[in-house]
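Student: Chain A is fixed; fit chain B onto it per the hints.
Protein chains: 2
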Amino acid sequence: MKKLINDAASAVRESLAGLAATHAGLLQVRFDPTFVLRADAPLRGKAALVSGGGSGHEPLHAGYVGPGMLDAACPGDVFTSPTPDQIAAATRAVNGGSGVLHIVKNYTGDVMNFEMAAELCRSEGIQVEAVLLNDDVAVKDSLYTAGRRGVGGTVLAEKLCGAAAGRGQPLVEVAALGREVNGTVRSMGMALSSCTVPAAGRPTFSLGEQEMEIGIGIHGEPGRKRMALKPVREIVEMLAADILDDLPFRRGDMVIALVNGMGASPLLELYIAAGELERVCAARGIRIARWLVGNYITSLDMAGFSLTLLKADERLVGLWDDPVRTAALRWGV
Amino acid sequence: MKKLINDAASAVRESLAGLAATHAGLLQVRFDPTFVLRADAPLRGKAALVSGGGSGHEPLHAGYVGPGMLDAACPGDVFTSPTPDQIAAATRAVNGGSGVLHIVKNYTGDVMNFEMAAELCRSEGIQVEAVLLNDDVAVKDSLYTAGRRGVGGTVLAEKLCGAAAGRGQPLVEVAALGREVNGTVRSMGMALSSCTVPAAGRPTFSLGEQEMEIGIGIHGEPGRKRMALKPVREIVEMLAADILDDLPFRRGDMVIALVNGMGASPLLELYIAAGELERVCAARGIRIARWLVGNYITSLDMAGFSLTLLKADERLVGLWDDPVRTAALRWGV
Numbered sequence: 002m003k004k005l006i007n008d009a010a011s012a013v014r015e016s017l018a019g020l021a022a023t024h025a026g027l028l029q030v031r032f033d034p035t036f037v038l039r040a041d042a043p044l045r046g047k048a049a050l051v052s053g054g055g056s057g058h059e060p061l062h063a064g065y066v067g068p069g070m071l072d073a074a075c076p077g078d079v080f081t082s083p084t085p086d087q088i089a090a091a092t093r094a095v096n097g098g099s100g101v102l103h104i105v106k107n108y109t110g111d112v113m114n115f116e117m118a119a120e121l122c123r124s125e126g127i128q129v130e131a132v133l134l135n136d137d138v139a140v141k142d143s144l145y146t147a148g149r150r151g152v153g154g155t156v157l158a159e160k161l162c163g164a165a166a167g168r169g170q171p172l173v174e175v176a177a178l179g180r181e182v183n184g185t186v187r188s189m190g191m192a193l194s195s196c197t198v199p200a201a202g203r204p205t206f207s208l209g210e211q212e213m214e215i216g217i218g219i220h221g222e223p224g225r226k227r228m229a230l231k232p233v234r235e236i237v238e239m240l241a242a243d244i245l246d247d248l249p250f251r252r253g254d255m256v257i258a259l260v261n262g263m264g265a266s267p268l269l270e271l272y273i274a275a276g277e278l279e280r281v282c283a284a285r286g287i288r289i290a291r292w293l294v295g296n297y298i299t300s301l302d303m304a305g306f307s308l309t310l311l312k313a314d315e316r317l318v319g320l321w322d323d324p325v326r327t328a329a330l331r332w333g334v
Numbered sequence: 002m003k004k005l006i007n008d009a010a011s012a013v014r015e016s017l018a019g020l021a022a023t024h025a026g027l028l029q030v031r032f033d034p035t036f037v038l039r040a041d042a043p044l045r046g047k048a049a050l051v052s053g054g055g056s057g058h059e060p061l062h063a064g065y066v067g068p069g070m071l072d073a074a075c076p077g078d079v080f081t082s083p084t085p086d087q088i089a090a091a092t093r094a095v096n097g098g099s100g101v102l103h104i105v106k107n108y109t110g111d112v113m114n115f116e117m118a119a120e121l122c123r124s125e126g127i128q129v130e131a132v133l134l135n136d137d138v139a140v141k142d143s144l145y146t147a148g149r150r151g152v153g154g155t156v157l158a159e160k161l162c163g164a165a166a167g168r169g170q171p172l173v174e175v176a177a178l179g180r181e182v183n184g185t186v187r188s189m190g191m192a193l194s195s196c197t198v199p200a201a202g203r204p205t206f207s208l209g210e211q212e213m214e215i216g217i218g219i220h221g222e223p224g225r226k227r228m229a230l231k232p233v234r235e236i237v238e239m240l241a242a243d244i245l246d247d248l249p250f251r252r253g254d255m256v257i258a259l260v261n262g263m264g265a266s267p268l269l270e271l272y273i274a275a276g277e278l279e280r281v282c283a284a285r286g287i288r289i290a291r292w293l294v295g296n297y298i299t300s301l302d303m304a305g306f307s308l309t310l311l312k313a314d315e316r317l318v319g320l321w322d323d324p325v326r327t328a329a330l331r332w333g334v
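Chains as they are written, first to last, in the working numbering: chain A, 2 to 334; chain B, 2 to 334.
Bound conformation, chain A alone (with noise of 0.2 Å):
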């Protein structure tokens, strides 16, 4: 294994404190509990909005911390969720007298955390409200969910819900416009190699020289196929048909696309793959309002690509177009 880490048990404490050093007027970071919040928290008056789940996702979810999206970000280690306390505390200090949504994303072992939490802060009288995503279309029930999973359609709610809340939207209505967004969002995923994990050393699965893994996990977990490599402009077709068919999109749809990199595919080849997007959506009538093409929602050093379609209307593109400025995601101010 060759990482740019000092030691893999201190690697995301290490690499939150860069964060944190890196970004200081914006961010602040805690240990002992872990949590990222904004330099201005809590917000009198405000939903505050509190997300997580394992590291090595970045950006996601610390890199989005920051006015116009999250207050906080609690990342566990890397591939596992953060702990009760992590999200108590988090839930805690952002909370600005109007109370909490938790943003998480469906795995068994977040979506527990994150109630035990939520029970916890209530009892201490927080309002707090859930939103879970679960856009992956690739495979119900998988290694770490019961159910779908939740990956790209993440960024997304959170840009959305960040604008909804920073436009002083009471909690309830953030939450109903998580939703929403979960209503209407879907993605799904291919890598091109494994990722491999600092504590345990070695890829977590191998790929053939000339094999792919259709609809993959962003923890490496398995997806729904594997195959032999084919040009991008197939795989996208296949990837867009499923995401496609599934909701359904329609004819006249408005949408918002993210073109998402696993963490090692490089901007050339992402590029290419979103004027293949571009392409079959044309095909079938719908239109991208918005694009974001990047390394958004990562899996390490994982090779691969995912795509995230959001039916969007009038509405959403004017919450997505409001200013934002998180570490991994700036417009406006």
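Note that these hints are calculated values from the structure, not bench results. There may be inaccurate statements among the hints.
Each pair may be met inside one copy or between any two copies, as identical chains are not told apart.
Unchecked claim - Calculated lysine to aspartate or glutamate pairs in the EDC-like style (CA-CA distance at most 16 Å, straight line):
1) 231 with 8
2) 3 with 314
3) 3 with 212
4) 141 with 243
5) 312 with 254
6) 3 with 210
7) 3 with 235
8) 312 with 247
9) 231 with 323
10) 312 with 243
11) 226 with 142
12) 312 with 78
Tutor: Just chain B now, with coordinates in the frame of chain A:
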């Protein structure tokens, strides 16, 4: 070779088409000769900025085209200089009557082709200035260069010159600023793995399972030395010492820092490196006023990173903070 492409021969063209499709309204792409330019070019009365170089370093340079940065970028084939006719066509297209600045990385082919294009455009009555970037302290002369190579400092020069031009500064002043930046910016990189050029189909070089290359170039060309892999703390200390001692940077200096991923190194790791750089600089009494951490000048799918430090004053930091709107770097708009 496993890549998300359709055909190595058309990969650059398809990637540029994807970039333009996903950033319609901001960018346009022209083919034969190939260049990317601002959607609103030419801008009457503004000194225009043109850069370019081999592809494979995305988001450099096309990802930096837009308000507050470049007016056009000329991408060659992977690791191949753009031709004089590409550069001349871009120069003509963005000239708004106030002349054009060429921002050139110091590689033999790039220098020659930009000079030929500049001569051609001058003979047509266009005022052309050029700034050469040669910020890599690792080696003097290499496979691609006479003298030092141009690397991460280029990103900073493009941002700062773009801001100056955006403020309405005349061409000669913007060019002088670019030369000033090149005078006080220094970089050095390292690799954990080779990149694979699509048309070659196999890794450019090979490294042992516990080996790294210090002082690597952005085309996989040899660096200063190979050695056993070390903790990232020691790697950062080594690279930073070479950078800091070269200018030299002194106690009390303020700098802008870039911690740049070579393409396949996770953000989790880059932020550990950033934290180490902060520590090294603090110990020398050097204050890092602004940061970029991420994949900004890459080498396809190479794992590794580079460090860039620019000695800055309040004026440069002010230019840095000016609004910028490009595919890869955006704030304030």
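Student: Against this structure, judge whether each hint is valid.
Tutor: How the hints compare with the structure:
Taking the closest pair of Cα atoms, residue 231 and residue 8 come within 16 Å of each other only across two copies (11 Å); inside a single copy the shortest separation is 37 Å, beyond that limit. In the homo-oligomer, the alpha carbons of residue 3 and residue 314 never lie at most 16 Å apart, since the shortest distance is 45 Å inside one protomer and 38 Å across protomers. In this assembly of identical chains, residue 3 and residue 212 lie within 16 Å of each other by CA distance solely across copies; the values are 9 Å between and 23 Å within a copy. Taking the shortest alpha-carbon separations for residue 141 and residue 243, only the intra-copy value of 14 Å comes in at or below 16 Å, while the best inter-copy value is 52 Å.
For a Cα distance limit of 16 Å, the shortest separation of residue 312 from residue 254 inside one copy, 7 Å, qualifies, whereas the shortest one across copies, 50 Å, does not. Within a single copy, residue 3 and residue 210 get their C-alpha atoms only as close as 20 Å, which misses the 16 Å cut-off; across copies the closest is 7 Å, which meets it. In the homo-oligomer, the alpha carbons of residue 3 and residue 235 lie at most 16 Å apart only across protomers (15 Å), although the nearest pairing inside one protomer, at 32 Å, exceeds that limit. For a Cα distance limit of 16 Å, the shortest separation of residue 312 from residue 247 inside one copy, 12 Å, qualifies, whereas the shortest one across copies, 53 Å, does not.
In the homo-oligomer, the alpha carbons of residue 231 and residue 323 never lie at most 16 Å apart, since the shortest distance is 38 Å inside one protomer and 44 Å across protomers. Taking identical chains as interchangeable, the C-alpha atoms of residue 312 and residue 243 lie at most 16 Å apart only when both belong to the same chain, with a minimum of 15 Å there against 51 Å between chains. In this assembly of identical chains, residue 226 and residue 142 lie within 16 Å of each other by CA distance solely inside one copy; the values are 15 Å within and 49 Å between copies. Taking identical chains as interchangeable, the C-alpha atoms of residue 312 and residue 78 are never at most 16 Å apart, the minima being 33 Å within one chain and 37 Å between chains.
Going down the numbered hints, you'll see the structure goes against 2, 9 and 12, while the others check out.
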